[in-house]
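Novice: Chains as they are written, first to last, in this note's numbering: chain H, 1 to 424; chain D, 1 to 150.
Simulated from the structure, these hints should not be mistaken for lab results.
Idealized CB from N, CA, C, for every residue including glycine.
Any given hint could turn out to be false.
[As the list claims (entries may be wrong)] Anything over 12 Å on all C-beta distances counts as not near chain H; from chain D, calculated:
| # | residue |
| --- | --- |
| 1 | His-22 |
| 2 | Val-63 |
| 3 | Ala-66 |
| 4 | Gly-81 |
| 5 | Glu-86 |
| 6 | Ala-91 |
| 7 | Leu-110 |
| 8 | Val-115 |
| 9 | Ala-145 |
| 10 | Ser-146 |
[Unchecked claim] The list that follows gives simulated cross-link-like pairs (lysine to aspartate or glutamate, EDC-like), each with its CA atoms no further than 20 Å apart:
| # | chain 1 | residue 1 | chain 2 | residue 2 |
| --- | --- | --- | --- | --- |
| 11 | H | Lys-93 | H | Glu-317 |
| 12 | H | Lys-40 | D | Asp-7 |
| 13 | H | Lys-40 | H | Glu-24 |
| 14 | D | Lys-127 | D | Glu-92 |
| 15 | H | Lys-40 | H | Glu-372 |
| 16 | D | Lys-127 | D | Glu-89 |
| 17 | D | Lys-18 | H | Asp-358 |
| 18 | H | Lys-257 | H | Glu-24 |
| 19 | H | Lys-281 | H | Asp-309 |
| 20 | D | Lys-18 | H | Glu-421 |
| 21 | H | Lys-40 | D | Glu-92 |
| 22 | D | Lys-18 | D | Asp-7 |
Single-letter residue listing:
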Amino acid sequence: MDSAPSPPGVAAGDASAPRRLDVERLRAEFPILRQRVGEKPLVYLDNASTTQKPRAVIDAIARFYSDDYANIHRGVYALSERATQAYEEARAKVRRFINAGDDREIILVRGTTEAINLVAHSFGRLRVEPGDEIVISAMEHHSNLVPWQIACAERGAVLRVAPVNDDGELRLDMYERLLTPRTRLVAIAHVSNALGTINPVREIVARAHGANIPVLLDGAQAVAHLRVDVQAIDCDFYAFSGHKLYGPSGIGVLYGKAALLDAMPPYQSGGDMIRTVAFDKTSYNRIPYKFEAGTPHIAGAVGLGAAIDYFQSVGIEYIAAYEQELLAYATARLSEIPRLRRIGSARQKACVLSFVLDNIHPHDVATVLDNEGVAVRAGHHCAQPLMERFGVAGTVRASMALYNTREVIDVLARGLRRALEVLR
Amino acid sequence: MSGNLRDLYRDVVLDHSKHPRHFRALSEPARKAEGYNPLCGDQLTVYVDLSDDVLAAVAFQGVGCALCLASASLMTERLRGRRRGEAAEVAEAFRVLVTTGLQASSAVDLGELTVFTGAHEFPSRIKCVLLAWQALLAALDGSAASVSTE
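Model the full structure from these sequences, guided by the hints.
Specialist: Here you go:
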């Protein structure tokens, strides 16, 4: 064990000390982090919105376009075969990354939003009838709320919402009470984008399965911060985006259990998703291709594969431990700021800090922070009902990633004191 | 960002944002229109009592950032008692000022509204400053019950 090489970005150090991320070395791999905002170094704390890209991902995409690009699943020529192979390798990387059982269960889509829309439309048509119910939670991103609202309206079904407590944790007791013989699906965030709450997904799935109800998990905020094992969680669907995982935008994943995906009708239709087409009858391709109509974001898939390679080379255990340490530090520093109220204090939390400062509007705070080079998100975080639950129009949200340091948290804290001063 | 924060958040702006003037609803037959910025959730209703083509009273209610509220508050002060045509001219001169930092016409006296001269250096905030004005124009036109920045 002692002689094992350190993963890149992990300082070796003496064998008795726990190994730690070499964050300075990691930061150097992200070209965008070198820039300045005006005269101030960029402090990027909007990682729940999207993450920056390491050189390895940028290079993989450029290399693919330079050397291996062609359309996939069609050409008999060598270049198309190479592109197809690269695309399918990316799928296999995703499968291993979330420990799915079979490549056929990995559908490559544009992102979490498309993944959820796919299930809402396709599973909705398969299973949801008038009077049926779909259960979500009060902390959902609009992307795991509006598609179900629409599906319910179209199918004559009813949307049920499991509440959260004052700490921003799901009320499991209330959730369980919402599971009835009419419930057709549960759709819940693995990690809340606005508050950082990590939901007890195994519990959520176990209770739903106890009533034979399938579960979709919105993993957009989870995959870059937690180890995700879809077989251990036993969810029926799992959705996430590449761009929040240090990969490109425009590529994402829907994992679905094969039996369900096989039974579901196509979502979009066109090329690649068919087996044979005649004017009177079309038969569909097998999964996952049945759900991948048209030419996909091929280079995006390759970039996602590279992002997964990068992420795994650093190591999820190291990343998770480091981010938890950073969260604890940031929470402590922010608690020293007068008149700052944190929104969301779940016991299990990802590295997201949501707060309001005095009675200052979040956008004014964000403008002052931007003036200090600090990029945060201000507003309702696409979770308006959740904001209402906490009686605020919006919050300031600082969300961290593996390349953030204690120093940048100090810059944030200074910026917040300056906001109090400027907007006194 | 290169803009100077103190140019954006002048004392006048902070004062009006904390103590907005004419912060109330006007009852019918006053006209009203809502302004909404879905990006940040700023939401105002602007009321205007128009009699004989004069803005006899201008008021507003709602929630928003400091810039949005201060701009609305200063607007009510500047336009109260003015003729409709003058109000439209002031609104246009103010729009030019906020988007470019330039005073377009010496014929229009913007008065205290010039505190927003620095806003053009903060492009992401221009919509906040103009929201109340868009709602006012919609209320005067009677063209829309609600205007949105997006």
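Novice: For every hint, state whether the structure bears it out.
Specialist: Hint check results:
no.	hint	in the structure
1	His-22	20 Å, holds
2	Val-63	6 Å, violated
3	Ala-66	5 Å, violated
4	Gly-81	30 Å, holds
5	Glu-86	31 Å, holds
6	Ala-91	23 Å, holds
7	Leu-110	23 Å, holds
8	Val-115	15 Å, holds
9	Ala-145	21 Å, holds
10	Ser-146	17 Å, holds
11	Lys-93/H to Glu-317/H	18 Å, holds
12	Lys-40/H to Asp-7/D	19 Å, holds
13	Lys-40/H to Glu-24/H	18 Å, holds
14	Lys-127/D to Glu-92/D	14 Å, holds
15	Lys-40/H to Glu-372/H	6 Å, holds
16	Lys-127/D to Glu-89/D	19 Å, holds
17	Lys-18/D to Asp-358/H	12 Å, holds
18	Lys-257/H to Glu-24/H	40 Å, violated
19	Lys-281/H to Asp-309/H	42 Å, violated
20	Lys-18/D to Glu-421/H	15 Å, holds
21	Lys-40/H to Glu-92/D	35 Å, violated
22	Lys-18/D to Asp-7/D	18 Å, holds
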